[in-house]
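On the provided structure of chain A, position chains B and C as indicated by the hints.
Spelled out, the chains give:
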Amino acid sequence: MELLKKNKRFEFAIFENLSLTTGRTLFGIFLGLLASGLLIALSGVNPFVAYGALFRGAFGSMQAVSNVLVRASPLLLGGIGVAIGIKAGVWNTGIEGYMYLGAIGAAVIGVLDLGLHPGLHILLCIVCAIVLSGCWGAIPGFLKAYKGVNEVTATIMLNYIAIYLTNWVVSNFPLVAEVGAFYPMSKQFQATARLPILIPGSSLHPGPFIGIILCLILHFVLNFTPFGYRTKMLGSNPFAARYAGVDSRKQILMIITIGAVIGGISGAIEVMGLKRRVFMEFVTGVGYESVAVALLAGGNPLGVILSALFFAALKAGGATMSIETGVASSMNSIIIGMCMLFVIGFGVIDNRKLKKIVSTDKDPENDIAAEKEGEK
Amino acid sequence: MSLEIIIDWLQAALRWAAPLIIVSIGEVYSERSGVINMGIEGIMLFGALTGIAAGFYLNSLWLAVIITAIIGLILGFAVAYLTVSRRTNQVVTGLMINMVSLGATDMIFSMMSETRKARVATFPAIFPSSMTNIPVLGKLLFAQPISTWVALILPFFAAYVLYKTRWGLNVRAVGDNPKAAATAGLSVIKIKYQTVVLSSIFAALGGCALSLAEVGYFSAGGMTAGRGFIVMAACVVAGWDPVRTALICIAFGAADAAQLRIQTLSSTIPYQFLQMLPYIVTIIALTIMVKRSRVPKTWGAPYDPKDV
Amino acid sequence: MDENNFALQMQDITVEFPGVLANDHVNIDCKKGEVLGLLGENGAGKTTLMNVLYGLYPPTEGRILLDGKEVHIGSPLEAIQQGIGMVHQHFKLVDTLSVIENVILGIPTKKQRLDLEPAKKRLLQLCEEYELFVDPDEIVWRLPVGKQQWVEILKALYRDCKVLVLDEPTAVLTPAESDQLCRAIRRITADGRSVIFISHKLREVIQITDRITVIRDGKYIGTLATKDATQIKLAQMMVGRPVTIERKSRPVIEDLKPVLVMKNVNAKDDRGIQALKNLNLTVHAGEIVGVAGVDGNGQRELAECIAGLRKPTSGTITINDKRVTGVIADPTFVGFIPEDRQKTGLVMDFSIADNLIMKDYQNAPYAQNNVLQYTAIKKHARDMIRKYHVKTPSEDVRVRNLSGGNQQKVVIAREIDPEPVLDIASHPTRGLDLGAVANVHDTLLKERNRGAAVLFISAELQEVMALSDRIIVLFGGEIMGELNGEDADQEVIGQLMLGHHPEN
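Chains as they are written, first to last, in our numbering: chain A, 1 to 376; chain B, 1 to 308; chain C, 1 to 504.
For the record, the hints were derived by calculation from the structure and aren't laboratory data.
Check before you lean on any hint, since a few could be wrong.
[Claimed, not checked] Derived list of chain C stretches under chain A, where covered just means 3 residues or more per stretch with a C-beta under 8 Å from a C-beta of chain A:
#1 148-158
#2 317-331
#3 359-365
#4 458-464
[As the list claims (entries may be wrong)] The following residues of chain A were derived to be distant from chain B, with all beta-carbon distances above 10 Å:
#5 L38
#6 V70
#7 L124
#8 I156
#9 G180
#10 H219
#11 P226
#12 F279
#13 I334
Just so it is clear, CB atoms sit at the ideal spot from N, CA and C, and this is done for glycine as well.
Chain A with its partners taken away, still in its complex shape (with noise of 0.2 Å):
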């Protein structure tokens, strides 16, 4: 009864829908660490000795740390824009065709001398880039909604075709693309176009900020409005959705493209704080990664700022614990996969504990049948 009267909308409950306990996604971390560990042992280094390379390099100094914000970048960023996604129940994995487009755009407009003030150069560029990632993330949009063609299917196929374009661009794009260049690459972004260092010396760009405001406010959006409350209605149950007069395809339409546009800035921003260039393929395997974060913060914007520097110290640790030990480098992808695996494996309880608890009529067939309906 304790739990029930709690707050809903201030209890850090990872994966609501699946009342799965902190606990819980704590102990399937856990388990997939030492599945990894074990991994790890097997490639001939002592998994110890990794762990300790990969913690320093998470929290071993403020160099160390910076890392760790500028890596989060990308992954508040995507994590947040698949969240929303989870919110209205599509799986929107299409965040790296986004990034692709959305550095395109930035790289269009900021590899370009224009005179411009900075800031209103670097607005530009951010603008471009929403504007072609929106145009991106509207043909799943489009596709899912109206078409009926599942979006994960539809997102991948586009995140290849992204790749392509991108590649195109940094190889044969007259305005943008470098000549000559040992690697196909874009053309360096103008100085008015980068954006600031905060701390002199490291790279730490104001990306990871941006990516923390984004999601406070859509953490607002979700719960505050009616915008979200309508997001959270399709999500639960279309059909009430429906049945509340919400158009639910538009909403879906809206719901993609808000993420591409987030993937959008999130790619534009990593080209215009971090590389200074595009490079063909410079987002591999964010796409994955930010499902990932998005699905440990169970769809919650607030879960995902943590879920999203959980898994930027593993990666920047993960660097680090590279180089050190000579595990290979992919072994981040692992770890985080592995941990997400045991954190969903255990993540579904028999939902059928709980749910009694204030039902006190006889109607036990009523009430298993609304369970599955949840379920789905």
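The following block gives chains B and C in isolation, referenced to the frame of chain A:
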């Protein structure tokens, strides 16, 4: 365009389609029983790597195939345990399996540095080379490696199993109405395990066909390039029918083969745009066909045996 | 009495769900060749008891004897092998498969090849024998519901069941089909098989059965021979007090203004089959129009068309002269209590407070300047909880955790409280206990007296007759007849429900 180019293109289309078809057979069963095994992309990667590694170290193609199947079996049990027993979200489970597979295959591959440059023996053609001289068919069919032949025959066998056997009936029933199947005395969980494990084995073998028959090497960074997702799209487009799914796979293979050929023929279109072709074809095919496909009723929904 | 006479005995069966005792030491026994009625209200535990018998739930306590021998039934397969056949209230048929495929599904066999011919032969024999005719090659979803029932029964007979359980079999049948079912049951018991007939309808239980066991609140109340039973006696056992639904007295309202006007409305159902045919209907302010009919004769489509959830293929619907073109999300205009509250009417994972603003979330005072005002929302929720007696510790409880009756109260509060000009109540009492049913009836009557137009759809003839000012009978998507609620005759309505025009 000359006839020779066309034959060459069709021949390549079949070769490119073969791994897709092999993967699709398993996926059709799994999705027919209600489980979307989205992990096939990653399992294909594992299959591709295992095939190359086993072929390299053991020097036997057949051992490589067997070991690949065993790897598929193990991964299949993992996917089945999560999606069927733990009732995890099938999309998420698949994506995370893919993520782990991508990382793990890269890692294992980097540890086996000696295989990096090696090209191992690939699947042989089964027909004597004299038969390849037969006009048209010779090049188109008889020069094909054994994996292509398997891929061409398998769909018919799979269709027979699905529509004309007890087990096939059970699979169809479980996907459309698991509660009815359970009350009729079937073990829904067992059947779902069987189809998911089967789909994983086929995915691994398809990956193996990709590396051993087609390219002859493994490359890091996701050499399957979304083929698992293309197969899933093919299932939807073809309405989960083994033979029709295979036809769709051949169409995708044709798009793949076409882009390679146009690349060498013409330089006016940037090759990157040609590389997009199979993915664009997939999206368009999905958009046209998705509404007409009859979805297995509990497609993607978890099944709780305690719900009655 | 000789022990061996019993085909089935269930002794002291207790089933405990967390927090609920679904079965509390229930005893039933059924002799060979006998029809045993199992009678109880919705939610009394009948279905739970039968699920125990069918190996779907393990009982917490108690034992099951077949032919006098104790058996353990751990799964449906074991139940089938022990000779138990069950026709569930919600059919367990794979409707994309053919009849014969459904019949042989799950029967253990060594032969992997699917050879349907011998099975078809046997099925046709069974069809003849019990006069339940179906085409073995027909795909199940193409069959009318009544025929699907036959398939379920034939499926059990094909497996040579000794005890056949029919769970509310007549709920979906027309009276003619019910008669056919009765005859089939007689033939089945003539073979020495036993039938357990579950129902909450007194009349048919008395018609069909030899003995009757009554359970209430999960408890065993008693067993009596049907020849000693009367409807009144059974009803008392069932609910623990005498009940009849009496026609509610009501003030006469003069000057009826038409509110809902439907003209030549045609509509299709989800399968694309014509569900409403040239329907003309007017509902006035201050009257309750009851819609009677066997389930699945267009009631659902009728309600959905009016609520704007389904587009008619032709014809016009107006409410207060406003044309209905889409979902009406204005709670002061139309209140709609949907047929399936959990699927359509509620968001199970939302709190009570959130559910209560489902149609009003964009409007003041719940939203101002695009920000939800939770103080106002929660205050509204507390008011509604008090006014409609929702049993809950607080307004933040998720609706999922409420009982069926309390969930319905939430829906009613949301739909009725804004005082809409038109109320559509679609099976509002389904699955509720008697207290809750009376509550709903009172609410609807109050709405009428307030001056709202009320369209009341129900499959329970009794409550339609008790509540309505006018009654229309739907059959096959057409209005078969219209009667005055005051002097409607049950027999006439029954005929109309079958699609017969009673001779004048």
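Hints, verified against the model:
| no. | hint | verdict |
| --- | --- | --- |
| 1 | 148-158 | violated (count 0) |
| 2 | 317-331 | holds (count 4) |
| 3 | 359-365 | holds (count 3) |
| 4 | 458-464 | violated (count 0) |
| 5 | L38 | holds (12 Å) |
| 6 | V70 | holds (21 Å) |
| 7 | L124 | holds (26 Å) |
| 8 | I156 | violated (5 Å) |
| 9 | G180 | holds (18 Å) |
| 10 | H219 | holds (22 Å) |
| 11 | P226 | holds (28 Å) |
| 12 | F279 | holds (14 Å) |
| 13 | I334 | violated (4 Å) |
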